[in-house]
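Number of protein chains: 4
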Amino acid sequence: MLKGFNYPLTPKGKSTLNPPPPWYYSADFLSIEFWADPAAVAAVLPPGLDFNRSGNGHANALFYDWQFSGSNEEYLDPARYQYREFFILVDALFEGKAVAYCPYIFVDNDAAIARGWSQGYPKRLGQVFQTRYYAATGKAGPALAPGSKFAGSVTASGHRLAEALVTLKDPVKDMCVLKQAPIVNLLHTPRLAADKQDKPADHELVENVPHDVKIEQAWIGEGSLSLPVCHGEEISDLAPVRCGKGIRASLAYIVDDLKTLKDLR
Amino acid sequence: MLKGFNYPLTPKGKSTLNPPPPWYYSADFLSIEFWADPAAVAAVLPPGLDFNRSGNGHANALFYDWQFSGSNEEYLDPARYQYREFFILVDALFEGKAVAYCPYIFVDNDAAIARGWSQGYPKRLGQVFQTRYYAATGKAGPALAPGSKFAGSVTASGHRLAEALVTLKDPVKDMCVLKQAPIVNLLHTPRLAADKQDKPADHELVENVPHDVKIEQAWIGEGSLSLPVCHGEEISDLAPVRCGKGIRASLAYIVDDLKTLKDLR
Amino acid sequence: MLKGFNYPLTPKGKSTLNPPPPWYYSADFLSIEFWADPAAVAAVLPPGLDFNRSGNGHANALFYDWQFSGSNEEYLDPARYQYREFFILVDALFEGKAVAYCPYIFVDNDAAIARGWSQGYPKRLGQVFQTRYYAATGKAGPALAPGSKFAGSVTASGHRLAEALVTLKDPVKDMCVLKQAPIVNLLHTPRLAADKQDKPADHELVENVPHDVKIEQAWIGEGSLSLPVCHGEEISDLAPVRCGKGIRASLAYIVDDLKTLKDLR
Amino acid sequence: MLKGFNYPLTPKGKSTLNPPPPWYYSADFLSIEFWADPAAVAAVLPPGLDFNRSGNGHANALFYDWQFSGSNEEYLDPARYQYREFFILVDALFEGKAVAYCPYIFVDNDAAIARGWSQGYPKRLGQVFQTRYYAATGKAGPALAPGSKFAGSVTASGHRLAEALVTLKDPVKDMCVLKQAPIVNLLHTPRLAADKQDKPADHELVENVPHDVKIEQAWIGEGSLSLPVCHGEEISDLAPVRCGKGIRASLAYIVDDLKTLKDLR
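So the protein lines, in turn, are chains A, B, C and D.
Residue 53 in this note's numbering sits at position 43 of the first sequence, with consecutive numbering throughout.
Residue 131 in this note's numbering sits at position 121 of the second sequence, with consecutive numbering throughout.
Residue 270 in this note's numbering sits at position 260 of the third sequence, with consecutive numbering throughout.
Residue 83 in this note's numbering sits at position 73 of the fourth sequence, with consecutive numbering throughout.
Hints are computed from structural coordinates only; laboratory data are not their basis.
Be careful, since some hints might not be right.
Note that the list lumps identical chains together, so a pair holds whenever it fits in one copy or between two copies.
Under the rule of at most 20 Å between Cα atoms (straight-line distance), these lysine to any residue pairs were calculated in the SDA-like manner [to be verified]:
{"#": "1", "residue 1": "K24", "residue 2": "N218"}
{"#": "2", "residue 1": "K107", "residue 2": "R63"}
{"#": "3", "residue 1": "K269", "residue 2": "D222"}
{"#": "4", "residue 1": "K22", "residue 2": "T177"}
All chains, please: the whole structure from these sequences, using the hints.
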């Protein structure tokens, strides 16, 4: 019997891109709130999700410096499993309930692509960076303190797709400001067979159900974001009309399930 | 309506990893024939494929320097679509017919990963290199001539997984030596939903059906290959017991279909 | 005794970035002729070089897909020595003689950086790509024929710095069109010692003296180039006012010397 | 006048690899103490440095996740300036005084290569990783607590050159255990001119003089290290005979000077 969660499936299951769930994550992240053109937000939503008029184009851009592990100390092989990520979440409604939809996401690691595609995250490869916090601070390492600045950037296929800045004001006291609507993705697996190219193997709305979410060292302040126009890319259609709050924090959670909301085929 | 063959699906279809088929390819390649431990070859085969006793562990290792295009001059965006690839094909039988099965494959580009997974190629990211041929030859650029040497190497997750050498002897006159049994892959799409982790969305044997295959500048000689033992990897289980012929050539073909041989679920 | 041409110097001389000269090169290249703002060209020239009024801002942008070797078959270790390069040459005068000066150059390999700095090429890391020619042509691989198109791009520090296109018209019959004025660089080695930061270890004009230059498969046609404005970069100051001819060819040469023209200290 | 500390020198000084000193650094690091074959340690030392018999082959391997800045908030451009580093320091004597010499060092960033070469660090490009600490801990993110494990790895030119593990035992109370002998490097700038290839532009012993050193969150425990044998590399000659303590901490310092100890020409 061949073993492995993702490709490749092999006799011992060691070569697979990912071990089977549960999947464990820790990260530092930046989050920048913004408002895009409402028509552009409505245009990226898949069937089954409705534009959330009350949000008026509301969205978030997120930069994550992730460490991943399965149950076999994969965090001790950072060359294979550590990665960086950038994604956008836009406000939407599923059957009247507020959700967040991910139209664009970039990572710098193949295991992360594979896990993402299993969850409906439409990942591409990118070079993602964010300013880091170190306990030994200085001119090269901002403190967790009012006025400190943390920047993020993402480049894919050779084009700078996003740049962001978070300026800290206060530690987060009311954890409500960190609350995130459930993330609903479009899980899509195309078929290459000539007579099935319009009949994907998967085409459904799915809800991510992470658990044991922990947030530490959360600071809030101002965010700014730009999404420059690039040849061959559409992400700039979501360019901010205005930006809102910025957050910098650490997060951990576990993923071992995915909830199907609606088969769209 | 959202557009795109692979993730992401977007309003204009520009951000997608790949345009819809037909997919066009040109490449230079190295091919090294070898024989692995027959038990190791039998062990990598999925259900539905049988070990080919007459091959006695026969396999090929291949290095490709690819250029890809869809119908919109994607070959003019090499930062997004040019890539390098290494893979292994082992002899097998499907219902008594000789086929080749791909247990391991590495590329350095995300669009190539996405196309590969749509065809059952179990691609991971790797750093793949081969010595190039240039019309302006010299000590840095081997001629297409007897005794010329071309090397290949692949590294993934920080480990050197394969090294190869082809030494040219003669131009290929009888194109039969380049004949390749049909490639049959295991198309596999896992499901993360907790109650479906043993019920993949796809799990079937598929046959690749490239067409309009052109081969040019083919030379044949001797091949050598090593597959070193690496922590966390199994490819070395296929390490050569002995090596055979080596080939260096250019190839072009078109992919626009995939044939399902057998659903394994 | 420690051995090695570049860092690191070690007991056996195997770890060094580069073997000692002679250095052998083969490549495919694209060349795009253009005219920049004359004032911008004058501004990038170091002391000792004069603006060439007759050129009126004339320059060339070049993309090279290189293979390097020393005397020990280094071309068989392409993971260590194969690389891609983009650079700009602007017209200048040294003591009244026409020369070409390189203000910007990007490569994707550290051995190439080290060799470059030894020759006064001000190399930085970048991701450089050009459309390749393969003997097996098709929609993904342009033929060497009238109307065929070859593109190039370069990205550094996450920003797209240059994009180019060469459209072939005719094979080059008169090799004079390929003639290149001698390349004169500013060889500069800074000193970190607090009292010597204004006294570089090297600061001189040097002339590159490659020999045994071979050019094959040369085609000429039209060139186009863009140098977009990027935060933190100045290369866009040389953005083309207009573009001229484009060339696509293969080249080989040998480097084993460097001529000092003038010490600027 | 052209501006810039390192290449390229340009009219505005924006394109240069590095701003002028002072240079600011913050990092997290792993340090693994080990003893190599004393003859191998003696063999890597340059003229002017003597083998430290009392150390008996004592050395340290270090993994750094660095953030760099000049005086213009370069830490807000992490795509250009953030980097990872691995290096080895061996015990030595300079005129009878205990010093540490760096025979091998790898980074993943060109600005870091340029600064390093200005200080005599013999840097090559590599892919360097270490397990990170996050405030939000869990199975993917080890706590700063007894028994926690942090791993490091480095790959260069496609070969895995080093793997390490630090297992924490206790917070460091006595800062003396973190004391580092002064780092003395061989500053070496080769000359390509045919008649000067044996007359380097620089060839001297230099002492690094960082200041305002801060160390935070220091934990001590056990270290382990392997330096596998690789084709074309000599670092494995320093493979540990035995390993000693392991450290995991954060560090910040400033570099703005370099002290010449002895010209070796």
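**Request:** Can you give me the call for K107 and R63, within, between, both or neither, at a CA distance of at most 20 Å?
**Result:** Within one copy only: 12 Å inside a chain, 59 Å across chains, cut-off 20 Å.
**Prompt:** How would you classify K22 and T177 at a CA-CA limit of 20 Å: within, between, both, or neither?
**Reply:** neither (48 Å within a copy, 28 Å between copies)
**Request:** Can you give me the call for K24 and N218, within, between, both or neither, at a CA distance of at most 20 Å?
**Result:** Answer is neither; intra-copy 26 Å and inter-copy 26 Å both fail.
**Message:** With identical chains, the pair K269 and D222 could be close in the same copy or across copies; at 20 Å between alpha carbons, which is it: within, between, both, or neither?
**Reply:** within (17 Å within a copy, 43 Å between copies)
Going through the hint list in order, the structure does not satisfy hints 1, 4.
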